[in-house]
Every structure is written in C-alpha cells, then in structure tokens.
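K.L.:
These are the residues of each chain, in order.
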Amino acid sequence: MKILLLIEFIGLTAAAAWKHDWFAAAAGTLLPAIALLRCLTVWGKARRTAIVDVTVVLESFLLAWQLATSNWPVLNRVLFPTPDAVLRLFFSELKDMAHGMLSSLYLLGTAYLLALVTAIPGGLLVGNSPRLRNAAEPFSKVLSAIPPIVYIPYAIALLPSFSAASIFVIWSGAFWPIFVSTIAGVVNIPETLLDSARMLHLGKKTFIFKVLLPGAMPSILTGASLGLVFSFLLLTAAELIGATEGLGWYVKNFSDFADYTRVIVGIIFIGIVITAIAAGFKRIEKRILRYKETAQ
Amino acid sequence: MIQCSDVSIAFQGKVALDRIGFSIPDGAFLCLLGQSGCGKSTFLRLLAGLLKADCGSISIDGKPVDGPEKACSVVFQDYSLFPWMTTGKNIMLALKAACPDKSKAELRNLAESYLELVGLGGAFDQYPASLSGGMRQRAAIARAISVPCRILLMDEPFGALDPVNRAMLQDLVRTLHADSGGQRTVVFVTHDVDEALYLGTQIAVFGSSPGRLLALEDNSAARTLSREKLFTNEATLALQRKIMAVYRADMTEKLNGKMLFQNGNGI
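Those protein sequence lines, which keep their order, are chains A and B.
What the first sequence shows, in the working numbering, is residues 1 to 296, in sequence order.
What the second sequence shows, in the working numbering, is residues 1001 to 1267, in sequence order.
Note that these hints are calculated values from the structure, not bench results.
Idealized CB from N, CA, C, for every residue including glycine.
Do not rely on the hints blindly, as some may be mistaken.
[Claimed, not checked] If you want a taste of the chain B side facing chain A, the calculated C-beta under 8 Å gives, among others:
no.	residue
1	C1055
2	S1057
3	A1071
4	P1083
5	W1084
6	A1094
7	A1129
8	F1231
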C-alpha cells in the first residue's frame, strides 16, 4: 500500500505540475505528508494501516479527478471543474463560507439546544412513569416517523420569521431521536440499581440528577448524536425556506446558477464542518462516559 | 426485632412465597438458605419494602414495613454502586441522604474512613468499573454500613466472586457484625450451606415451588469458632448434615409428588 501511495503521489504531482495546477500539486503532496506525520504520532499498527489506506483512497480519487478533468479532459467541463480550480476557489471563498457557516450554526445550535432541553427532561419524565410511557408511545412512534420537511408550509405560515420556521423544522428533526432514546435509557437502567437508589432514600432532585439522568446518559448520547445528524440534514432543507446566507443556501444558490465549482467547494466545506462538529461531539461523549473504562 | 407473619406473595398467579412466619431478634445474623428460585431474594425485597406482600405482614420493631424501609440498607450481588460515580462519591451520596446537615468535608472524611474500614483506603477516586468484583463489593458494603441503619440486608453478595475473595469478604462481614456488638441485624441470602454455617447465628432453610420455610436452625455457637475449627466441629457438621437432609427431603418430595419429567426438567 505504501508503494502504491508513493506511485500515486509522484503521478499526481507530476500530472498537476505538467498543467501548472499548483494547488492540485500541493494537495497531492500535502495529503501523503499529513498521513506520514499522523503515522509517526499514532500508536498501534492497525491504526497506522488505516491511515495509509484512507490516504490511498483519497489520493487515487484526486489522481483520477486530475487526469479526467485537466490532463485529458474527458468529463463535462461545466459539471466537473478541475481539482485545481476547486481548491483555488476554496481558499478565496473561505471568508464568505465562514460567514455562511456562522449563520447556519446559529440555526443549528439554537434548534439543537432547544431539542436537548425539551427532549431530555421530557424523556426522563415520561420514561420514569409507566403510565406516561404507555400513553406517549403511539404518538412518538407515529410522529418520529414523519419527515419534518412536511411541516415546512405550516412553519412558514404560523411562525413569525424565517429563522423561527427553520429552527422549528430542525428542532422537530432532532427532538424525536433524543426523546425516544432518553425514554429507552431510563427503561434500561438495571432494576437493582433503582432498588439501590430507593433504599438510599434520595430526595427527588438528587434522584433525577444523580441516578436517572446519568443512568440514561449512554442512551441519551446515542440519541443526541443521531439527532445531530438529523439536524444537519434538515439544516439544508430549512435554509431553502427563505435564507439569504448559510451553508445549505450557498450550495443551493450556486447550483441554481450552474456554478458547479462553487457547489463542490460548498459541499467540501460542509463536509469539513460536519466532521469537525461530529469529532467534537465524540470527544464530549467519551469524556462523559469515561467512568466505563475498566482497569488496564 | 423483625417479625413476619403469614407472608405470601405470588407473581402472575404463581406462588413465590407461601405463608412465611418467623421473627428475627435484634443483633442476629440470619442466613436465608435455599436453592435458586425458592423466593429467598423475594423475601429480602419484602423485608426491604421494595415489594409488597399479597397477604400477611412484616414489621420492624412493631412498625409495619410500607415502602422502602429506612431502617434497612441493602447490598446486592451486583449494581449496588452507581457506576457513574467514584466509590467515594457513592458513599457520600448515601451519607448526604442520611445526614443532610453534615458539611461536605465531614461527609468526605466519613466516606474515607468507611472505605478504610473495608480495606479500600486508596479507592476513593476510582470508578466501580475499574475495581475488581471483590473490591466493588467491599465498597458496596462500606456504603451500606456508612448510613445509620440497624438492619443490613445482603442478597447473595458474594455469589459472583472467586473463592479467595469470597472467603476474605466473609471474614470481613463476620468481623463487622461481631464488632457491632449486637447493634446491627444482618439478613444474608445465600445458596451456599458452608457460607451460611460460617456466617449465620441463625439459618432459615427455604424450600422451593412454592417458596416456604422448611427449618429455622440456631447456629450461634459457631460464632466462637474459626473457619478451620468450625468445619471439624461435631455440632456444626451435624447441622450441616441436617440442612442437607432437609434439602434432599424437599427435593424428593417434589419428585415423588405431582412433578412431571419433561426432557429432564423438573428436578
């Protein structure tokens, strides 16, 4: 694999340099360089192999893209810009996209936080009472299965502003997975643990915050990460409502103008933002669940 | 004094406990001995107030048990401690609920001293998952005795431990009970006859389907003997034989009775 990577690296750099595609050449060089650095800092053979494998796939993709668009342009030039053009534009558009990102993150963050503060207490309350649980189950089953996009007309008609409507749509996507998993988390707390809690005669507040919430936490986090994915998906839909900026809007807007270079730039940027947020989430999750680590 | 009279409970029509009636004097160490499924854990839950009997009554010092009983603390076979809290925090939580007036520093000191008492001095900041099974049960015992409860209920607490750890914890529990000077009553569920003989001052033998009291034996003399002496002592060995005989009689009675054999089930 390492030899394959070396061949690809030489091939890509040479092909890009031949066409004076300096940005593409730089990307083709940086990618293996970063991989090499990571391999030096990461512990474990399996993880190093994984890094090399991923880099080979990326490098192959870049090489194929470069050859098919720049060196031998067999692909449609409008739909498939060269990697060099995309990378060049990526850096010049960075400022605009960062601005759009803030607008998107405002919608996403507000809606997601709202989903957390409504779904978790609601789920704890419902999960802790068999009667409420039985009553809520049919509703959550039906409502969670409906894609929140269908609420868009009502959201626009009933809510005062575009951002309120977008936040509502994103919220309704993130709410159900968190709500349902919080209930499941409460239900799955081992019975003996609850018996232990009962025998300690804890106050209601202590019971909720020291037993119920942490007991359901592993399941809540699973639901919360699912909710995060859903809210990303809905962000784009929400930005179609009437946004004038934002990541989803950026892609949609330039695809309307057939500016596919900017569309690809936008897609790459969205990918980076989502990956960063998901990685941050994973870190928080690991930190919260660190008590599960067994003795080495 | 714990008094039970005619306590019965059924789950989904199946009788789990049938008219259990006896009393446990203060300061006793009662071992509930029986095979799995004989309802001994159910009986412990009834004592704790975690379950409600269908009929009959349980009272502690004359007061009927109704809901989780304040006089009792419990150690289960597993999941006694909250896994998301360090052992120290687990004990502090119990202490805080029992004595809300104490300051945080006082609670911390108390928790540390109880951990030291069970031989876990350095484990204050460790999570249960990072401890061995034996250490976890030590911490659970520390939490159970840290609160001012007169009655300690233990539900097969050493069932999942290796023989060495089990013997060490048996010694610990025996010593803790002896040191309490009759101030603490222990009800200990086990299916191990030797464990019951070593720990109990009284042994209640339960039979299964339906769960009922077969025999109530006095074993207080055994308390003066060390482990080695105990199992060479004639009286203890006689009691051991007697309990085994009661077990066997319960089993054969069932086999000769209306039990059916199906693919070897029924024994």
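K.L.:
If a hint holds in the structure, say so; if it does not, say that too.
P.N.:
Hint check results:
no.: 1; hint: C1055; in the structure: violated, 23 Å
no.: 2; hint: S1057; in the structure: violated, 20 Å
no.: 3; hint: A1071; in the structure: violated, 11 Å
no.: 4; hint: P1083; in the structure: holds, 6 Å
no.: 5; hint: W1084; in the structure: holds, 4 Å
no.: 6; hint: A1094; in the structure: holds, 5 Å
no.: 7; hint: A1129; in the structure: holds, 5 Å
no.: 8; hint: F1231; in the structure: violated, 32 Å
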